[in-house]
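Engineer: Heads up: the sequence shown begins at 0 in numbering that gives the first Met the number 0, then just goes up one per residue.
Be aware that a few hints might be false.
Here are the simulated DMTMM-like pairs of lysine to aspartate or glutamate, each with C-alpha atoms no more than 25 Å apart in a straight line [claimed, not checked]: (1) K23 <-> E549; (2) K495 <-> E395; (3) K240 <-> D166; (4) K474 <-> D166; (5) K296 <-> E325; (6) K198 <-> D166; (7) K523 <-> E453.
Simulated restraints on C-beta separations [to be verified]: (8) S688 <-> K211: 52 to 60 Å; (9) G579 <-> R224: 30 to 38 Å; (10) I215 <-> G742: 17 to 25 Å.
Everything labelled a hint here was simulated from the structure, so no lab data went into it.
Glycine residues also receive a C-beta, built at the ideal position from the N, C-alpha and C atoms.
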Amino acid sequence: MSCQDKPEETVNTYAILPQPATLKPLPGQCRLDADYQITYQGAGPEWALAGNYLAALLRPATGFDWPVSAQGPSEKSIALVEDEAITNPEAYRLRITPDGITIQAGSPAGAFYAVQSLRQLLPPALEKKALASDVQWMAPCVEIEDEPRFAYRGMHLDVGRHFFPPDFIKQYIDLLAMHKMNRFHWHLTEDQGWRIEIKRYPKLQEIAAYRKETMIGHYTDQPRRFDGQRYGGYYTQEEVKDIVAYARDRFVTIIPEIEMPGHSLAALSAYPELACTTGPFDAATTWGVFEDVYCTKDTTFTFLENVLSEVMELFPSHYIHIGGDECPKVRWKSCPDCQRRIKEEGLKDEHQLQSYFITRIERFINSKGRDIIGWDEILEGGLAPNATVMSWRGTEGGIAAARQGHDVIMTPTAYCYLDYYQSLSDEEPLAIGGYLPLENVYRYEPMSDELTAEEARHILGAQGNVWTEYIADGKKVEYMAYPRAIALAELTWSPKDKRDYEDFVRRLAHHTQRLDALGVSYGKHAFGVRIATAPAEGGGVQISLSTLSEGAAIHYTLDGAEPTAQSPLYSEPVHIQTEGTLQAATFDGDKRISNILRQPVLVHRAVGQAISLAFPPHSDYRHLPADVLVNGLPASETRFKDGEWLAWQEQPMEATIDLGVSQPIGSVTLNFFKDQGVWIYLPSAVSLSVSTDGVNFEVIPDVTESVVEGSGGRSQARILKLPDTRARYIRLAVQPYGIIPDGAPGAGHPAWLFVGEIVVQ
Numbered sequence: 000m001s002c003q004d005k006p007e008e009t010v011n012t013y014a015i016l017p018q019p020a021t022l023k024p025l026p027g028q029c030r031l032d033a034d035y036q037i038t039y040q041g042a043g044p045e046w047a048l049a050g051n052y053l054a055a056l057l058r059p060a061t062g063f064d065w066p067v068s069a070q071g072p073s074e075k076s077i078a079l080v081e082d083e084a085i086t087n088p089e090a091y092r093l094r095i096t097p098d099g100i101t102i103q104a105g106s107p108a109g110a111f112y113a114v115q116s117l118r119q120l121l122p123p124a125l126e127k128k129a130l131a132s133d134v135q136w137m138a139p140c141v142e143i144e145d146e147p148r149f150a151y152r153g154m155h156l157d158v159g160r161h162f163f164p165p166d167f168i169k170q171y172i173d174l175l176a177m178h179k180m181n182r183f184h185w186h187l188t189e190d191q192g193w194r195i196e197i198k199r200y201p202k203l204q205e206i207a208a209y210r211k212e213t214m215i216g217h218y219t220d221q222p223r224r225f226d227g228q229r230y231g232g233y234y235t236q237e238e239v240k241d242i243v244a245y246a247r248d249r250f251v252t253i254i255p256e257i258e259m260p261g262h263s264l265a266a267l268s269a270y271p272e273l274a275c276t277t278g279p280f281d282a283a284t285t286w287g288v289f290e291d292v293y294c295t296k297d298t299t300f301t302f303l304e305n306v307l308s309e310v311m312e313l314f315p316s317h318y319i320h321i322g323g324d325e326c327p328k329v330r331w332k333s334c335p336d337c338q339r340r341i342k343e344e345g346l347k348d349e350h351q352l353q354s355y356f357i358t359r360i361e362r363f364i365n366s367k368g369r370d371i372i373g374w375d376e377i378l379e380g381g382l383a384p385n386a387t388v389m390s391w392r393g394t395e396g397g398i399a400a401a402r403q404g405h406d407v408i409m410t411p412t413a414y415c416y417l418d419y420y421q422s423l424s425d426e427e428p429l430a431i432g433g434y435l436p437l438e439n440v441y442r443y444e445p446m447s448d449e450l451t452a453e454e455a456r457h458i459l460g461a462q463g464n465v466w467t468e469y470i471a472d473g474k475k476v477e478y479m480a481y482p483r484a485i486a487l488a489e490l491t492w493s494p495k496d497k498r499d500y501e502d503f504v505r506r507l508a509h510h511t512q513r514l515d516a517l518g519v520s521y522g523k524h525a526f527g528v529r530i531a532t533a534p535a536e537g538g539g540v541q542i543s544l545s546t547l548s549e550g551a552a553i554h555y556t557l558d559g560a561e562p563t564a565q566s567p568l569y570s571e572p573v574h575i576q577t578e579g580t581l582q583a584a585t586f587d588g589d590k591r592i593s594n595i596l597r598q599p600v601l602v603h604r605a606v607g608q609a610i611s612l613a614f615p616p617h618s619d620y621r622h623l624p625a626d627v628l629v630n631g632l633p634a635s636e637t638r639f640k641d642g643e644w645l646a647w648q649e650q651p652m653e654a655t656i657d658l659g660v661s662q663p664i665g666s667v668t669l670n671f672f673k674d675q676g677v678w679i680y681l682p683s684a685v686s687l688s689v690s691t692d693g694v695n696f697e698v699i700p701d702v703t704e705s706v707v708e709g710s711g712g713r714s715q716a717r718i719l720k721l722p723d724t725r726a727r728y729i730r731l732a733v734q735p736y737g738i739i740p741d742g743a744p745g746a747g748h749p750a751w752l753f754v755g756e757i758v759v760q
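Using the sequences and the hints given, assemble the complete structure.
Structural biologist: Pasting the structure below:
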């Protein structure tokens, strides 16, 4: 052991993710050497798990033996000690001094999480799993007391759209454990493939696990193209048992999901007798929602109960996820068996039939001592009595369920869908759509202010979802999930008042050395250039640039050339008087260390002017100010969550813009997003009126409208040309599409309306 007043560079930071509840730096550092051992003192064999895990982590890189023994603390030891006074089973205390390391916890889980904090205080070379003889194994001295804010801290992975081998699943679990996440939601069945061996129904692995081909490109591309290659795979029951045990040793509970009654086309391809029609069926080769679902006849329930019985033998999780989302009712409406079921059970309609379906499955799972989780559609027609709701279509479903006394896991698309784009760069790989930058994930708050203290008790935590329509390999899974999953880990673990995004990014910058050593393919967007706009004196737009990358310089261009270290150095806001594109990037000396920001800038009469909304945007977009509609930054033509689109669902968009003074108005351009695959439709009607006093508005009768389609096929500009009009105020009323028709994704739900920059010329 040695104690030095100045820690070396590799250990001069307490860059722990997620942020501990309390952390008190102490002087000096602890130097680990070949004489060190690991001891544990606790009741039961599980206490050895954390000790053996730590030893296995330390041995390859240090080259030391790291013996593990069941005894109390001793000289030159990392001691794991049971402390019954620590009542939270996941809480711990970690004390590092020049004389040794002590971990206290009330349970082995707490000791394991202390090990994860200790791990992040050691040099990143630890993660390479190869001898690093030139590294001094030092940890900065510190006292940490820590516990999680939420009991449920989860990540999801869809293996139905694309299959990932067992070794990758283990790597995925390793990263969850490293960041103190404790639930892995394993989405095992889909329209495109069935991924788990069920011995009683061999056709599930022989037929349902494979599709004849896979579509190329995006769901909205026309004409559709396919690769012509048979695709599939499944996990044997032995592989599942091995993965479950692997996760258990890392204090991660795996929650399996078997989708029902919808998203079942692959199963129907193997057993068509479970459908409302005779088929034949094939596992889906495209993405989306399909009308063929499980029929509600008794043979279907027999099949599902047998499947779930085998699943429950493999997974000890208290929860079994049964899906319940996106179930079209078209087949049920014309199915004699389903209509007979509605009549016999005294049900009102097909929505209550779905509730019957879920409740019947729930009773079976409850009879086995387990409980169900379902997506928030299980609220339709009445919630199953003991169900836990996974709220994904926003926060409203979760709030409603909590008020009814049901436990809830929050996973709203706007903050937790990690298959969304994480930047607006054209360099980003193909994704489903949307825009969810790291900062938006980090700033998500799962606990709604609308709930009472008793109701809030039902919010168990939050989960990040990785849907894999456009993610075919493990490296892309990592790229889409990280570091956004780390942000989710921190918001579910750390105290709310300890969360600070800029500090998070600083710690993340150090943490990336660890991710690099592990070979994780992660996104680096947090270290790029950020942009803000304001109206400039004398007209035009004033652009401000910033970065959270400490010590980095920003270079920019306005002439269409990519920025280099020789491009203008940003030092003060840039004044732009004509439309163009600003490009900027961060540099460390001559080396570019971020993606290039390519930001078109619009200059028009409404930029920076006052704007008010008669109806607030949907709650998922209410955090954005109304002035994003007139800030001079055009919304993305391909991504609807770029922070420049505002969205409404059941209310119209009604905006009033004050131009400051009465002036001639030649045209007003409205920009809309459209992507029916994710329920976003063009408006049903648009009207424009003007005023000179802000009180009396006159509808312009002879407006000439023209339409320009966006280059990506997902946006549309409507140009409204006004005849000889002069006004100070402009009022725009945009009506949403209404209810999505049968057969389309989201059928029966209100369509989304997305509005971007309003350009006034």
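Engineer: Indicate, hint by hint, whether the structure satisfies it.
Structural biologist: Hint by hint, here is what the structure shows:
For the given pair, K23 sits about 24 Å from E549 by alpha-carbon distance, which is consistent with the 25 Å threshold. For the given pair, K495 sits about 21 Å from E395 by alpha-carbon distance, which is consistent with the 25 Å threshold. The straight-line distance between the Cα atoms of K240 and D166 is roughly 13 Å, inside the 25 Å bound, and the hint therefore holds. Distance check on the hinted pair: K474 and D166 sit about 13 Å apart at the alpha-carbon level, within 25 Å; holds.
At roughly 20 Å between alpha-carbon atoms, K296 and E325 fall within 25 Å of each other, so this suggested pair holds. With a C-alpha separation of about 23 Å, the suggested pair K198 and D166 falls inside the 25 Å cut-off, and the hint holds. Between K523 and E453, the direct Cα distance comes to roughly 40 Å. Violation of the 25 Å bound is thereby established for this hinted pair. For the hinted restraint 52 to 60 Å between S688 and K211, the CB-CB distance of approximately 55 Å keeps it satisfied.
Checking the proposed 30 to 38 Å range against G579 and R224 shows it holds: the Cβ atoms sit about 35 Å from each other. A C-beta distance of roughly 24 Å is found between I215 and G742, which places it inside the suggested range of 17 to 25 Å.
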